[in-house]
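These protein sequence lines are chains A and B, in that order. Just so we're aligned, residue 1 is where the first sequence starts under this note's numbering, counting upward by one. Just so we're aligned, residue 1 is where the second sequence starts under this note's numbering, counting upward by one.
Fair warning: there could be bad hints in the mix.
Unchecked claim - Think about it this way: if two alpha-carbon atoms lie no more than 27 Å apart in a straight line, the pair counts; the simulated DSSO-like pairs of lysine-lysine are:
| id | chain 1 | residue 1 | chain 2 | residue 2 |
| --- | --- | --- | --- | --- |
| 1 | A | LYS44 | B | LYS301 |
| 2 | A | LYS45 | B | LYS506 |
| 3 | A | LYS45 | B | LYS301 |
| 4 | B | LYS307 | A | LYS45 |
| 5 | B | LYS20 | B | LYS530 |
| 6 | B | LYS398 | A | LYS12 |
| 7 | B | LYS41 | B | LYS461 |
| 8 | B | LYS491 | A | LYS44 |
| 9 | B | LYS461 | B | LYS551 |
| 10 | B | LYS398 | B | LYS461 |
| 11 | B | LYS552 | B | LYS76 |
| 12 | A | LYS12 | B | LYS389 |
| 13 | B | LYS530 | B | LYS264 |
| 14 | B | LYS257 | B | LYS530 |
| 15 | A | LYS95 | A | LYS62 |
| 16 | B | LYS488 | A | LYS45 |
| 17 | B | LYS301 | B | LYS264 |
| 18 | A | LYS3 | B | LYS398 |
| 19 | B | LYS10 | B | LYS25 |
| 20 | B | LYS307 | A | LYS44 |
| 21 | B | LYS264 | A | LYS44 |
| 22 | B | LYS461 | A | LYS3 |
| 23 | B | LYS41 | B | LYS552 |
| 24 | B | LYS530 | A | LYS44 |
| 25 | A | LYS44 | B | LYS506 |
| 26 | B | LYS264 | A | LYS45 |
| 27 | B | LYS491 | A | LYS45 |
| 28 | A | LYS45 | B | LYS530 |
| 29 | B | LYS76 | B | LYS35 |
| 30 | B | LYS385 | B | LYS481 |
Because the hints were derived from the structure by calculation, they are not lab data.
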Amino acid sequence: MVKPVAILNAVKSGLRHLFYSRVTRRYPEVESGLPETYYSFDPKKGVATAGWKGRHYLELDKCTGCQLCSFMCDEISNAIVMVEVPEVKFEQNKKSLFPSIDYGRCVFCGLCVDSCPFEALHMTPEIRLADYDRNKLYYSPLELSIPPPVGKPSYLVGKKKEVKA
Amino acid sequence: MNDLIENVQKIAPEAQCTVKGNRIKIVTPVESVVKVAEVVKEYGFNHIESVCATDYPTTNTMEVLYIVGSVEEALKSKVVILGSRIPRDNPVFPTLTNIWPGAYFHEREEYEMLGIRFEGHPRLAKLLLPDDWDDIPPLRKDYHLKKWGAIERADSGLRIERAVLHNPPPECIPTQSDFVKVKTPPLLQRFQQALDVPEYDTLGRQLFQWVRRDERTIAISFGIQHPGSGHMRLVLGVDGDIITEVEPDIGYVHRGKEKMCEYKNYFQNIPLLERPTVHDSSGMLFPYVLAVEDLLDISDKVPERAKYLRIIMAEFNRLLNHTYWLAIMGIFTGHSTMFMWPMADRELIIDAAQRLAGARVTFAYFVPGGVRNDAPDGWTDYVLKVCDKFEERINHYKEMYFENPLFLNRTVGVGVLRRQDAIDLGIVGPALRASGVCSDTRRDEPYSLYDTIDFDVPVMKEGDSYARCMVSYLEMYESLKIIRQAVKMMKPGPVRYPLRGRVRGKEGEAYARTEAARGSLSIYILSDGKERPYRVRISTPSFRNLLAGVKKMLPGHRVADVPVIHWSLNYWAVEADR
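Here chain A stands alone, though its shape is the one from the complex (with noise of 0.2 Å):
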């Protein structure tokens, strides 16, 4: 069964190779070429539509702090909280009461998007969220509220919002 003479094909394969165009990119210099969309979540059919799982965005105009978000995440990771930021103040949300998320915990499988019924919660394509101080993982709802430079939600193109803060 054993032929001495076939690691000559394995050879041959290996050189054949060398003219074959190279699989790697420069990353991050090069982006994977992922169609950019968020992954949110329609509350009203019941199903999501698909976007990558990356940082969140968090819409404070439509969040009523249900703590629906919080209550799914406490039993998978722990990585929202409900915070109270005074300083935005929305007729829906009257105790100002918005998600915090660390993303220290955050395992992004989304079901924080999928458990929210106002479709505030978004997961966008910002996915390079390292950073030097364990700190700076905490996300505030107001920087949460910051779409990230890519992508767009698909029901948000062509349209622009106004974030008061």
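Given chain A, work out where chain B should sit, using these hints.
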């Protein structure tokens, strides 16, 4: 099936038999368990899948269930759940390792997790728990997981401050000593007095004593820092460099998933359960969602498109797992090219999966009721392209690796597992199929529309390391075939049956098994009608394959062959330890 029930009731008239679909449950008093087990074995149920014990403090009993499948053609789709109730104060159960030798590690695990003494078991000792475990058996209901509750809340308070302040003072960070303070007092003595098991905490010291040593043989430790062992240790008895005896020491990455599952609801378990095998994350979730759907009575409401998307995702994960495994196999056989190629080629599959599920490794894509999201536009064409490209890539592996004498010399005839041994020891997956048994859950008990898809099950007779590698390699082609068909058969439509409000399972049990990448994976869920499962038993292929490696395959080989044999089984320590 009726003749089996008749036979059982002839021998044990008080046994209760219930048939539900393909599951036959036999509950019998503990005195007649051995007799009934012999009848079940003789009938053809020869392939042990799991041993599951459950604690019922309210009725002061414990239930032990043996879940047994078969590799006989007529019985492949059937599962017998044979069990009995025993008093909680004196949990003694006759061992069934004489009937199903594959129950060896399952019984040991249930012994340490619930304190059930299996009388006649060859070696009852700790398996997964740490050597210095100083508490009652953890899967008992009076062992509570949330010891850190107070700390968690205090920690949350600090985090709130930090999140609001933006510039937190550094002293807010909880130190390690905060966590040490809440440790409970040792209960080991209580445990020993209650159960009369003085040797319970001495595995680490005993392990070397178990291996027989004389003037010719010595015991050496293979692992845990050895790159060829993964997060496990093998204590090898060696004569020169010929292995005479093996004792595995596993549990280094044990997290207690079964206990943790009891504290989370059916959705919160999803990210937890896919963690043991990150290369096969959807494969790990597959039986879980099937069992939960059974408990929620929504099995028939899962949309067809969701079932096809699940198939595609599960096959993606099989490809990801097999390419990763092949890459490491290349390293173990000293072949760096074979490490580089699969590692680069699996990026194709990862990209396709990421377009669908948004993550690269842990997708959390399956949920009870369907899948989380529909495929984006143009994804199906992209997948077909990726399949073509990937198939072109894995064609190269054949002449580079599978026909390469460097590889053949290391694997052919090494680590032979005979057919009968494989069946007796309850081996699953490519390792079982490489020993000449055609057993694939996708075909034996088709779930999730696998019966509409045409694919082959590669089987080889040799049973050596090469056959195991080859079966896995050929499976990759079959996976591509399945993906192509599923993509074409998928019609537009809903992908998820929405579950609203608090999801509660009906009272009862559900047992689901699927073919994960490493073999048949089964999950048993017991629900008491609440939001959280009462008991979850996960029986993973790596755990079931461990016994073959240590008892049948390694002895007689040289120490240098250990990595090859070990990795040809595709043993993944995290999956085995859970």
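>> Output the indices of the hints that this structure fails to meet, ascending.
In response: Result: no hint breaks.
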